[in-house]
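A.B. asks: Sequence:
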Amino acid sequence: MSHPPYYGHNPAAAVANITARAAAWRAGPPAADGRKLGLVIEGGGMRGILSGGGVVALAHLGYREVFDEVYATSAGVMNASYFLAGQTAAGITIYYEDLADKRFWNPRRFWKPLDVDYIFRDVVVSQKPLNTAAIMKARSRLLVSAIDVRAGEGKLIDTRETKTPLLQVLKAATAIPVLYNRTVEVDGVPCIDGGLAIPFPIQHAIDRGCTDILVLLTRPPAYRTSAPGRSHTFLFRSFIRGDKRKMTAIFANSAAASAAARDLALGVTPPSRDVNIVTVCPEAPELIHRTSRDPKVMRHGAWEYGRKVLRAFGADDHGWDLPG
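Following my numbering, the numbering of the sequence shown begins with 1 at its first residue and continues without gaps.
These are calculated hints, taken from the structure and not from any lab test.
All values derive from a computational prediction rather than experimental measurement.
Each hint should be verified, as a subset may be incorrect.
Simulated crosslink set (DSBU-like; lysine-lysine; CA at most 30 Å straight-line) [as the list claims (entries may be wrong)]: (1) 246 - 163; (2) 244 - 163; (3) 36 - 112; (4) 112 - 155; (5) 102 - 112; (6) 163 - 36; (7) 102 - 128; (8) 296 - 112; (9) 112 - 246; (10) 155 - 246; (11) 244 - 112; (12) 137 - 163; (13) 163 - 128; (14) 155 - 36; (15) 128 - 155.
Cβ-Cβ distance ranges computed for the label pairs, FRET-style [claimed, not checked]: (16) 238 - 27: 42 to 52 Å; (17) 291 - 89: 17 to 27 Å; (18) 102 - 27: 43 to 53 Å; (19) 272 - 315: 38 to 48 Å.
Ideal placement from N, C-alpha and C gives every residue a C-beta, glycine not left out.
The task is simple: from the sequences and hints, build the whole structure.
C.D. replies: As structure tokens, then:
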């Protein structure tokens with residue numbers, strides 16, 4: 001017997017509650033149902049195309065306004081943004097049309113191998129312009145993770161409460177340490193990508209009272225990251241900005257933070273309170289990595305992931321495809 005296309009804690013209940021809200025709202029004006037639905041999206045560089053395929057599938061299902069809050073980390077932040085803006089068709093093509101070349105990833109550009117500036121200078125402004133006004137007006141609230149490099153701690157940024165322009169917040173949340181190695185200020189605080197401290201904000205969604213949570217992971221269920229060795233720690237400490245002692249501590253604890261979040265999402269560790277969690281993730285072996293650049297491989301991976309999301313919600317995945 002094959003495994004259902006999802007994992008989690010009471011995952012069938014989460015699917016049923018999300019599906020029920022969507023069906024009720026399609027039938028008439030949105031009505032209170034006593035539940036708080038959350039969507040949590042993992043990134044991981046170019047692996048983010050997988051969860052990107054997932055949000056395209058959610059848009060296809062008509063779920064863009066179903067979730068009360070959307071939480072995201074790293075590349076997942078951009079997937080969440082294009083999803084809430086109603087622009088998933090443009091958002092997914094960024095990976096295999098705009099990022100799969102040396103303008104974004106170039107290891108010979110040692111001072112900035114990943115050019116996040118290119119994304120926010122060219123891609124989201126002119127090539128695939130992101131409708132930031134639509135995000136701010138969306139029914140769902142967008143919350144993104146970052147690391148305050150001065151305090152040396154992870155934080156969740158509510159995009160509706162910060163005074164910093166949305167694109168600058170998104171850039172801070174995707175400023176990958178070492179590979180981009182620049183900080184971006186949010187309300188006067190220097191920040192970077194939050195992935196090392198908050199692999200994906202599932203615990204935050206629980207703590208904020210979500211009753212049903214959909215998690216889109218970009219790593220297979222058996223994935224476990226190794227604790228960083230001395231050489232990687234030395235490299236990280238040499239390049240990282242901010243308080244080196246505190247940032248090195250975050251780096252040293254990153255494997256444990258990842259394991260804890262994954263165990264919670266997969267249903268290995270029970271949540272601290274009554275909540276339903278359904279998690280979709282890719283299967284092994286991993287064919288897409290942080291710096292992958294093969295458009296065909298990436299597009300196929302996103303397509304397979306999107307089909308899995310459709311099956312998780314009982315939808316027909318035959319004939320479904322990605323744009324572009």
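A.B. asks: Please flag the earlier hints that this structure goes against, numbers listed from lowest up.
C.D. replies: Failing hints, ascending: 3, 16, 19.
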